[in-house]
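*Asks:* Protein chains in written order, with the working numbering: chain A, 1 to 410; chain B, 1 to 410.
Check before you lean on any hint, since a few could be wrong.
[As the list claims (entries may be wrong)] Computed beta-carbon distance windows for the label pairs: (1) A:Ala4 x B:Glu161: 55 to 61 Å; (2) A:Glu300 x B:Asp58: 18 to 24 Å; (3) B:Pro179 x A:Thr299: 53 to 59 Å; (4) A:Ser96 x B:Ala23: 39 to 45 Å; (5) B:Val26 x A:Asp14: 24 to 30 Å; (6) B:Asp24 x A:Pro278: 37 to 43 Å.
[Unchecked claim] Not close to chain A: a few residues of chain B, all C-beta gaps over 12 Å, as computed: (7) Val42; (8) Ile108; (9) Gly294; (10) Ala348.
[Stated by the list, open to error] Listed below are the simulated EDC-like cross-link pairs for lysine to aspartate or glutamate, each with C-alpha atoms no more than 16 Å apart in a straight line: (11) B:Lys107 x B:Glu95; (12) B:Lys107 x B:Glu92; (13) A:Lys107 x B:Asp347; (14) B:Lys107 x A:Asp347.
Rather than coming from a laboratory, the hints here were simulated on the basis of the structure. For clarity, every value in this text was computed on a predicted model and none was experimentally measured. Even glycine gets a Cβ: it sits at the ideal position worked out from N, Cα and C.
2 protein chains.
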Amino acid sequence: MSDALWAQGRSVRDAATALAQSADDVRRAVLSDVADALEARVEEVVAANALDLAVYDDLGPGRDRLTLSPARVGAMAQTLREVAALADPLFEVAESFTRPNGLRVEKIRVPLGVVGVVYENRPNVTCDVAGLCVRSGNAAFLRGSSSAQRSNELLVALWREALEKEGLPAEAVSLVADPSREAAAAFMGLVGVIDCLVPRGGPSLIAAMREHARVPYVLDGDGNCHVYVDRAADLAMARAIVANAKTSRPGVCNAAETLLVHRDVADAFLAELPDALPGVELRADERARVALAGAVPATEADFATEFLDLVLAVGVVDSLEEAIAHVARYGTGHSEAIVTNDPAAADAWVRRVDAAAVLVNASTRFIDGGELGLGGEVGISTQKLHARGPMGLRELTCLKWVVRGEGQVR
Amino acid sequence: MSDALWAQGRSVRDAATALAQSADDVRRAVLSDVADALEARVEEVVAANALDLAVYDDLGPGRDRLTLSPARVGAMAQTLREVAALADPLFEVAESFTRPNGLRVEKIRVPLGVVGVVYENRPNVTCDVAGLCVRSGNAAFLRGSSSAQRSNELLVALWREALEKEGLPAEAVSLVADPSREAAAAFMGLVGVIDCLVPRGGPSLIAAMREHARVPYVLDGDGNCHVYVDRAADLAMARAIVANAKTSRPGVCNAAETLLVHRDVADAFLAELPDALPGVELRADERARVALAGAVPATEADFATEFLDLVLAVGVVDSLEEAIAHVARYGTGHSEAIVTNDPAAADAWVRRVDAAAVLVNASTRFIDGGELGLGGEVGISTQKLHARGPMGLRELTCLKWVVRGEGQVR
């Protein structure tokens, strides 16, 4: 196995070298060829997916994430067309200056090389990641889950046909053939093959990454996101934002998990909260329960939990200061929102909350590559190294130093 | 031990939070205070260093790296003054745009947080790293070697005095008290404390990092750097560049280790090479030995070796293409130079050689934070994630998303 994986890795590496030199219009063409193929062969895609679903015995939310309906295949094609239309991120001169000795220095934007992604179910990730990688001149080396293997194999085949049609090596989009856990661990150890590894999954995948990864990686971690309703908040706006952040899609990482309310507006805001959040279980601290008589008492653990469900922890704070401290203690560095009409409070939140994204008067649900205009994302980084938040085209590049002289020596 | 290390880590983390909010002039003042202290207390610094040297029994190059002369202490102070004078990298708006739904989106530059560095000997690194970290709003968490512990403790004490004088937490520059290998492994596992770990050392440190690191890290790896003398090279310029790249300081990572020469100029260039490189052992491939009769035959391993010594591998290539392929095979992604007067050859080299830095008609020795105007470097990254090449102030920052709206929901 391992030898085969290394051999495959070398072929992906070689493909990355070719892709890094390819022209913008060729890379665009690959994406639109795949979009065409998805639309023309939607029944074939759905049929491959049905083979995966037929042997999938989990009836939980994983089943939905595994399913490719004709509409979802259409959405995948549409996403590729959008990414194809984005500006080329490559060869931009990000900095340039001349040194006193006459050396002309530039930093130019180039692809990372081979981007590895480990993910579960969600065959749409196969297409989304391949699209962002190819558009930005990177090879995509994909390790999907066994549950989605038939779907993923067909999707990768469409990519390889398109790459070859446009004169690029098919190996620029490659799927690990063996979806076992052992192969995943070996995949994370492909030093010299993978330039950037992104895990998309839960805590067990993150733990496996920390243990097994020997290649550089960016963690796509938990989202224990907060909405803080300041004393200067428009309470109707705050209700709409909290309802959206909690209920529009509770199972995703940018959903809100904790609501913090300033004491000056706590009674007024919390009294109407149950009506704004029908079906949501509220777990409230002692002070919040004054206005939320029916709420479950919140434990310390509740404030540290990413529920990914219709459950919301609720706390009352004495000040903006206390809200910021609460987020510093329990937050996971994903997306943190304040609702306020006080510019000083907004600025303090923006500057002082340490997270991939901070929001003022907007739902945490906007921290998403599609919503921010990136055409999707390879992952949402909750670490600070390399990139924070949604990783789109630019986050799949790095800056190379170029120094030009006339014979300078030290 | 481990409990004490975690407790120290939390104190560094808290200091980083304070430093991230500190004003530009306060951070500048800390650096100039330390520069003043180094100059005023140079004898004390040299005396502490003498205690380290007294028990150091290695007479190799490590001893020189450990030594702090008065001149070197003065140079450390000078470097801090230069870094203090650099522009503040923080709170720059790196990108901004408005979405169709009216959301105003920015990416603003903020510190990484806690920067951890593991290094050997070289007490000047203590000061250089602390300077770059504090200037960029980061806390420096330092794990020096036992050989330099007395020197490092005194230098860190100077930093802590300056930080306190300027109203910042002393823990913003902290040294691991226990310089054992076990403590180093524990240090690399401080998840949630260290935002970016940089190892500065040889292959065994890199291997230890891959094994033990559980925090995000940037590898400062080997420099197997090449100089390629193209057929369109000015041969006198090429001689000067090769001599400088090989001999000006052979023990550093940006020194050249392999010379490649185009066959059309091989005889003319190589015939004069021994005179240009007195004292350098040449290990030449079969074709180079035609003009270098006295050279040792090069083995495959020679082309893969970072000699860090007065040894140079020499090969003749048929084409630019072959030179690029040679670098792709043996290079370590550090610094790669071409000497040519052919703009097309220069452009091909710049675009196609995959390294942190590519140079045209200049010595590889310029790939250094000081030479490039960064005021030094925390390390020189040979990976692609986060930063490539010398890591200065900007490379110690990350971009945070800021989204402002008027109540937008999805």
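*Asks:* Given the hinted pair Lys107 of chain B and Asp347 of chain A, is their alpha-carbon gap at most 16 Å?
*Replies:* It holds: about 14 Å lies between the C-alpha atoms, which stays within 16 Å.
*Asks:* Measure nothing beyond the straight line between the CA atoms of Lys107 of chain B and Glu95 of chain B; if it is 16 Å or shorter, mark the hint as holding.
*Replies:* 5 Å, holds
*Asks:* Within 18 to 24 Å or not, the Cβ separation of Glu300 of chain A and Asp58 of chain B?
*Replies:* 52 Å, violated
*Asks:* Need the status of pair Lys107 of chain B, Glu92 of chain B: alpha-carbon distance at most 16 Å?
*Replies:* Judged against 16 Å, a Cα distance of about 8 Å means the pair holds.
*Asks:* Should the label of Ile108 of chain B as a non-interface residue stand, given a Cβ cut-off of 12 Å to chain A?
*Replies:* Contrary to the label, Ile108 of chain B does not stay out of reach of chain A, its closest Cβ about 8 Å off (not over 12 Å).
*Asks:* For Ala348 of chain B, is the shortest beta carbon distance to chain A beyond 12 Å?
*Replies:* 10 Å, violated
*Asks:* Taking 12 Å as the cut and beta carbons as the points, is Val42 of chain B off the interface with chain A?
*Replies:* 26 Å, holds
*Asks:* Decide if the proposed pair is consistent with the structure: Lys107 of chain A and Asp347 of chain B, CA atoms, cutoff 16 Å inclusive.
*Replies:* 14 Å, holds
*Asks:* Is the gap between the beta carbons of Val26 of chain B and Asp14 of chain A within 24 to 30 Å?
*Replies:* 51 Å Cβ-Cβ, so the 24 to 30 Å window is violated.
*Asks:* Confirm or reject the statement that Gly294 of chain B sits farther than 12 Å, beta carbon to beta carbon, from all of chain A.
*Replies:* The claim holds: Gly294 of chain B sits with its nearest Cβ about 25 Å from chain A, beyond 12 Å.
*Asks:* Quick check on a hinted range of 37 to 43 Å for Asp24 of chain B and Pro278 of chain A, using CB atoms only.
*Replies:* 49 Å, violated
*Asks:* Per the hint of 39 to 45 Å, is the separation of the Cβ atoms of Ser96 of chain A and Ala23 of chain B within bounds?
*Replies:* 29 Å, violated
Of the numbered hints listed earlier, those contradicted by the structure are 2, 3, 4, 5, 6, 8 and 10.
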